[in-house]
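Colleague: The lines below spell out each chain.
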Amino acid sequence: MSFIEKLQNIDRRWLYLLAWIFVLYPLINPLGLPVPIQKESTAWNKAVNDIPDGSVVIFSCMFSIASIPELYPMTIATFSHLLTKNCKIIVATFWADGALVFDQTLLKQFDPAKYGKVYGKDWIDLGYVPGAETAMRAFADDMVNTFPKDYINSQPTGSYEIMKNIKTAKDVDIIVSFESGTPGVGEWLRQWNTPYGTKLIVGCSGVSAPGMAPYLQSGQLSANLPGLTSTAEYELLIKRPALAVAGVDAVSMSHLLVVLLVILGNVGYFATRGRKS
Amino acid sequence: MVDLLVLLGTYAGVFFTLGTFTILYKENPWYQISESTFLGLAVGYGVAQQMLFVRQQWEGQWSKSSIMMFGYLLALLVSIMWYFRFSKKYFYIYRWPLAIIVGTGIGTSLRTVMITQFLDQIRAQALLNLWVPTSIYPTTINNICMFIMTPAVLLYFWFTGADSRPGFMKYVDVLARYVMMAGFGSAFGYTVLTRYSLFIGRAQFLLGIPPNLPEAYPVFIVLSLIMLGTMIGYDLMKKNKPATK
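If you read the sequences in order, they're chains A and B. The numbers in numbering that gives the first Met the number 0 rise by one with no breaks, and the one at position 229 of the first sequence is 228. The numbers in numbering that gives the first Met the number 0 rise by one with no breaks, and the one at position 31 of the second sequence is 30.
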């Protein structure tokens, strides 16, 4: 068997080992590769910056624990950015793990009180409601009865000061959603954006990015932050380099590996194609 | 000083992360333990959250009047009908809640689906600005590409099934195939990006890169050596063991 033929039949475990090396090395020894700022992260930063004072923001973690590695950095960065703004934040999710993600991971990083935000007055965590799109519709029509109690204190939602003047989707200015599947952007658009005109910005995993493009192009989606690389750019824009910036070298190296393997695979294929026929 | 519970949680996280990654070598007990634990926890947590919602709905609004109580009981009855899926004899009862859920879901989304995912998209396509002097690249080029490519792909499917394609349509078909290949390639590329991003996130956890706890790193080294050692050692032992008749 020639070298080229061996290349075609390489044990996949060697490739996994290579993947580990290409990812772990730049994490242990950062390479400091440049991070050019692209239009997606710039638009996202502008969308958050442009939220007017006194606005009501729905902040939604629409992803499961499994998507934390990719979506957590952008969720942290955006939440920290929002905390510097003079707006009211309503945290709600329609993914079972979403409430846990926010409570167990995000709140451990940030105490909104340090930013002068008072629970129940400036922000509230409503937790999770099952029912996906139907629940999102119900939330738009009647926020308090859809989430009768808040997630953190289990007190009646209507008893909090923040909810006194926030009843339906008409009272909400913008939705900031982070998501990795369904329910997600389609449901927000169908139940909030189209009937109520609520502005929507979505941070998503890379795999969802092509699906966001038509909505972004049509203007239904005001901004989209796709994947870890865009998050790294956003972290640099808000001058808060964190997990995404730390991981961007590994992203570049892992892509380099994929490109090399694709080239090798094609070389092997074209070199052996003639022989087989 | 790190809280003991947080520390234990981190160690468990390292164990289960590495256990899950061991599938890259081959199917093994470390992976099976991790997989079963994750699935059990995910399902258990989901059920608990849904039960919590049912209770909160009762306390929050449905217990306020007798009519609402009746509605709540009716909803509970319908939900119990789901379990007839497991009965061969009464399987037909299960179709009722299924029909209600499917009907409600479709009815809710149909309210705006035509506007959101059809008319708004057509309008955006029709309003494409084909000449943007301030941004010839990328905006003008992108818009011209979209103006040509979107109808090409639609026409490719529109005429699928026809026995013969008119001359011009053959060129449209070729263009549409290239456009779709580019689209699928982009989707695949993003999929690889996501998989690596997920891996990188877990690698950051294993290496204890802040805000992850640095205590994870030594445990990662020790546990990875143990797991790899047991798997490779087991394989070597099996290889050296003389075959029994």
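Calculated from the structure, these hints are not laboratory results. Fair warning: there could be bad hints in the mix.
Claimed, not checked - Using 27 Å as the maximum straight-line C-alpha spacing, the simulated DSSO-like pairs for lysine-lysine come out as follows:
| no. | chain 1 | residue 1 | chain 2 | residue 2 |
| --- | --- | --- | --- | --- |
| 1 | A | Lys5 | B | Lys238 |
| 2 | B | Lys169 | A | Lys5 |
| 3 | B | Lys237 | B | Lys25 |
Model, not experiment: these values are computed from the prediction.
Colleague: For every hint, state whether the structure bears it out.
Modeller: Cross-check of the supplied hints:
Of the supplied pair hints, the one linking A/Lys5 and B/Lys238 holds, its CA atoms being roughly 23 Å apart against a limit of 27 Å. Proximity of B/Lys169 to A/Lys5 is assessed by CA-CA distance (about 40 Å); at most 27 Å being required, the pair is judged violated. Taking the CA atoms of B/Lys237 and B/Lys25, the gap is about 14 Å. The hint holds against a cut of 27 Å.
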